[in-house]
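Number of protein chains: 2
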Amino acid sequence: MTMTRIDGKTVFGIDVGGTTVKCGIFSKEGELLYKDEIPTRTQEKGRFILGDISRHIEELEKKFSIDRGDVLGIGYGVPGPVQEDGVVNGCVNLGWGKVAVAEESRKLNGGIASAAGNDANVAALGEFWKGAGKGSGSMLMITVGTGLGCGVIVNGRVVFGAHGAGGELGHIPLVTGLTEPCNCGKTGCLEQAASATGIIRAAQRKLRQSDAPSTLRSLDHFMARDVVDAARNGDALADEVLNYSCRYLAQGLAVAAGVVDPEMYVIGGGVSKAGDFYLDKIRAAYRELAFYASRDAKIVQAALGNDAGMYGAARLVLDSLEA
Amino acid sequence: MTMTRIDGKTVFGIDVGGTTVKCGIFSKEGELLYKDEIPTRTQEKGRFILGDISRHIEELEKKFSIDRGDVLGIGYGVPGPVQEDGVVNGCVNLGWGKVAVAEESRKLNGGIASAAGNDANVAALGEFWKGAGKGSGSMLMITVGTGLGCGVIVNGRVVFGAHGAGGELGHIPLVTGLTEPCNCGKTGCLEQAASATGIIRAAQRKLRQSDAPSTLRSLDHFMARDVVDAARNGDALADEVLNYSCRYLAQGLAVAAGVVDPEMYVIGGGVSKAGDFYLDKIRAAYRELAFYASRDAKIVQAALGNDAGMYGAARLVLDSLEA
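As given, the protein sequences belong to chains S and P, one line each in that order.
Sequential numbering of the first sequence, starting at 102, is according to this note's numbering.
Sequential numbering of the second sequence, starting at 102, is according to this note's numbering.
Treat the hints as calculated values from the structure; they're not laboratory data.
No residue lacks a Cβ here, since even glycine has one placed at the ideal position from N, Cα and C.
Please note that a few of the clues may not be correct.
Said to hold, decoys possible - Which residues of chain P face chain S? A few of them, derived with a C-beta cut under 10 angstroms, are: (1) N256; (2) C285; (3) N344; (4) D397.
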């Protein structure tokens, strides 16, 4: 991306992660014109983060000769529960307690319209707007990573939830037979079986509990992708682990179908890059478990990768201007 | 209700059941001015039903000197999956196949605005508008009856679902250890444990499988309310059955919390009339199972009884006028 000038109305989409802050400049129509990132300073309870972003936005405005009057808004995705008014109730990864992100952003950036959402919700909104869910009317997105991110879109809008916990599918009580607790304190959360971490743990358990041969035994450490690759190469133990994980994920989708009956499901995150080998297992189990009316809903791979959060953050603030 | 004349703008709320059609006349503000019912003629695939309703509406207009120009709309609740455009995809209890209820109603009633929704969704909307959910921003209602009815309200609107299956919590796959199939063809649906029928079946199973004393053994037949009453009177077996049923219902709510995180839950239907004795069991299990952010959501008894469907049907058509 080499450009010296950005004309017309623009929107900033900011994806605030625990290590870096991804910054995107979008046209009003949702074209990503420029992106870069800055480090996330989590020191002193993350008090520098919003100021750093504000200064970076000013630099970018200067760099591309953007007139501040042409900036329609700044949207943020943050890793924690966010209320619809843009107030965050604690982000462990950023060091934040309660932070009024949208309000702070308006103060720091000369009154520019601002909105904030949970990172997984915002990523879902991004896929809905410009990614795998483009053109659909409702959608549920799951990001399979260290945890299980989730965002729900109904009637074209993110479901924030009354307590900022809309789309927390990772923590629905589904998994039986576990004794170890989830990070949230409960036991039996969906992400304990369906996240990348859940796949690794299930494989470790299986390797301990059985003498069955497996290529995974030759690895000192392995990732969820290694389990997927082993399964794809015919490793029976790895395949069993993956079936276990995919069946629970499908049960999570079938359960969500009984609540909001979305038009489609989008699966993102590292593991989903395995493509149809992984998705077909989820599709087969979903068809078996879902209520008949919802059985034919599509299950597809996410399309925007790590940019989804920036796209969704930009769309979120545009939505807030309409509301 | 004695009146000879109804003035001002009115809305008809029609709750179409398998035996009777409940008809309500409402003011625009949602006051129920008059109600009565007519039989549901399910003969010949239910082809007389909408015509019967149309004639009854004309009679009521005449009876109360209602000017047709003052009728804002006619809303319907029907026992089957309904798309947002008011097309029903089969109602077994009415004998209907695919019926375009809203469109048919407009034709039969001189073009008056019409809308249709699933009966459980519409009942939820009624409770949201004028009942137990009044003043809340989002809500999930469960009606515990022969089956498990459910309606979800997000951002003040019913979630219809992409396939007319929004709020089908009765058929989410949750219950383990069952062998008998649900009416829908799957096994392990929530309503198999949490409906009134589910409570009766669980009690019968328990009575067969154990020698424990129970007052239920002296009854030739019993209803779910008998199980509740026995539990309340200290019958240990009945109490165990009820705890089993309430725990699954609470798991269903905890799972719904992870999708839409509603402000509150409203429980209706015959069994819910047992009040706090029944609700407290659900509340305790919900607090244990739900994600921490959603843990304090209220769980309350429905307030409108059998009128909820008429209220919601009226509100549905008013909403459609705004949209």
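Comparing the hints with the structure gives:
Satisfaction of the interface hint for P/N256 is found here, the shortest Cβ-Cβ separation to chain S being roughly 7 angstroms, below the 10 angstroms cut-off. At about 6 angstroms, the closest approach between the beta carbon of P/C285 and any beta carbon in chain S falls short of 10 angstroms, and the interface hint on this residue holds. Among the interface hints, the one on P/N344 is violated; its C-beta lies about 16 angstroms from the nearest C-beta in chain S, farther than the 10 angstroms criterion. Proximity of P/D397 to chain S holds as hinted, the smallest CB-CB distance being about 8 angstroms (cut-off 10 angstroms).
Checked against the numbered hints listed earlier, the structure breaks hint 3 alone; every other hint is satisfied.
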